[in-house]
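Asker: Residue numbering for the sequence shown follows our numbering, beginning at 273 and increasing consecutively.
No lab work stands behind these hints, which were simulated from the structure alone.
Heads up, some of the hints might be wrong.
The calculated label-pair distances, taken between Cβ atoms and stated as ranges, are [unchecked claim]:
(1) Phe355 to Gly296: 27 to 35 Å
(2) Gly358 to Arg317: 38 to 46 Å
(3) Gly358 to Asp335: 12 to 20 Å
(4) Ala274 to Leu310: 16 to 24 Å
(5) Ser280 to Gly307: 16 to 24 Å
(6) Gln314 to Thr292: 14 to 22 Å
(7) Gln275 to Leu310: 12 to 20 Å
(8) Leu297 to Ala337: 14 to 22 Å
(9) Asp351 to Ile290: 29 to 37 Å
(10) Ser280 to Tyr352: 16 to 24 Å
(11) Ala274 to Ala309: 15 to 23 Å
(12) Glu330 to Glu302: 29 to 37 Å
(13) Gly358 to Pro327: 19 to 27 Å
All of these numbers come straight from a predicted model, not from anything done at the bench.
The C-beta atom is built at its ideal place from N, Cα and C for all residues, glycine as well.
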Amino acid sequence: RAQRLYASEACANQGFIIDTNVIGLQFHLEMDLAGIALLSEQCSRELVPGRWIQPAAELTGADGAVLQRGHRLLFGLLDYLSFAAG
Numbered sequence: 273r274a275q276r277l278y279a280s281e282a283c284a285n286q287g288f289i290i291d292t293n294v295i296g297l298q299f300h301l302e303m304d305l306a307g308i309a310l311l312s313e314q315c316s317r318e319l320v321p322g323r324w325i326q327p328a329a330e331l332t333g334a335d336g337a338v339l340q341r342g343h344r345l346l347f348g349l350l351d352y353l354s355f356a357a358g
């Protein structure tokens, strides 16, 4: 049975865990500034005004601290999975 880890107003199931070794995420902790720039360039036609869609300028202007927090969370999740599997 899945247990919800993260939720938001936009998506009730942003992240979940099953048992101790399966984690699903509905967001991208691995992104860096180069990846965000490439994504916003390659998918610009999908960045249309909408309640849950961030404008390209907001995406590419991401604060390095925000990305670092995401990376810390990602590595924490990977460490957890590594220890749970061992």
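Asker: Hint by hint, note whether the structure agrees.
Answerer: Results of checking the hints against the structure:
1. Take Phe355 and Gly296: their Cβ atoms lie about 19 Å apart, and the range 27 to 35 Å is violated.
2. The supplied range of 38 to 46 Å is met by Gly358 and Arg317, whose beta-carbon atoms lie about 44 Å from each other.
3. Our hint of 12 to 20 Å for Gly358 and Asp335 is violated, since their Cβ atoms are close to 35 Å apart.
4. As the Cβ distance of Ala274 to Leu310 is approximately 32 Å, the hint placing it in 16 to 24 Å is violated.
5. Range check, Ser280 to Gly307: about 21 Å between beta-carbon atoms, so the 16 to 24 Å window is met.
6. Distance hint check for Gln314 and Thr292: the Cβ-Cβ separation is about 36 Å, which falls outside the suggested range of 14 to 22 Å.
7. Take Gln275 and Leu310: their Cβ atoms lie about 34 Å apart, and the range 12 to 20 Å is violated.
8. A hinted range of 14 to 22 Å for the beta carbons of Leu297 and Ala337 is consistent with their spacing of about 20 Å.
9. Take Asp351 and Ile290: their Cβ atoms lie about 18 Å apart, and the range 29 to 37 Å is violated.
10. For the pair Ser280 and Tyr352, the beta carbons lie near 21 Å from each other, so the given range of 16 to 24 Å is met.
11. Distance hint check for Ala274 and Ala309: the Cβ-Cβ separation is about 34 Å, which falls outside the suggested range of 15 to 23 Å.
12. The beta-carbon spacing between Glu330 and Glu302, approximately 19 Å, falls outside the hinted interval of 29 to 37 Å.
13. Against the hinted window of 19 to 27 Å, the Cβ-Cβ separation of Gly358 and Pro327 comes to about 43 Å, which falls outside the hint.
Checked against the numbered hints above, the structure violates hints 1, 3, 4, 6, 7, 9, 11, 12 and 13; every other hint is satisfied.
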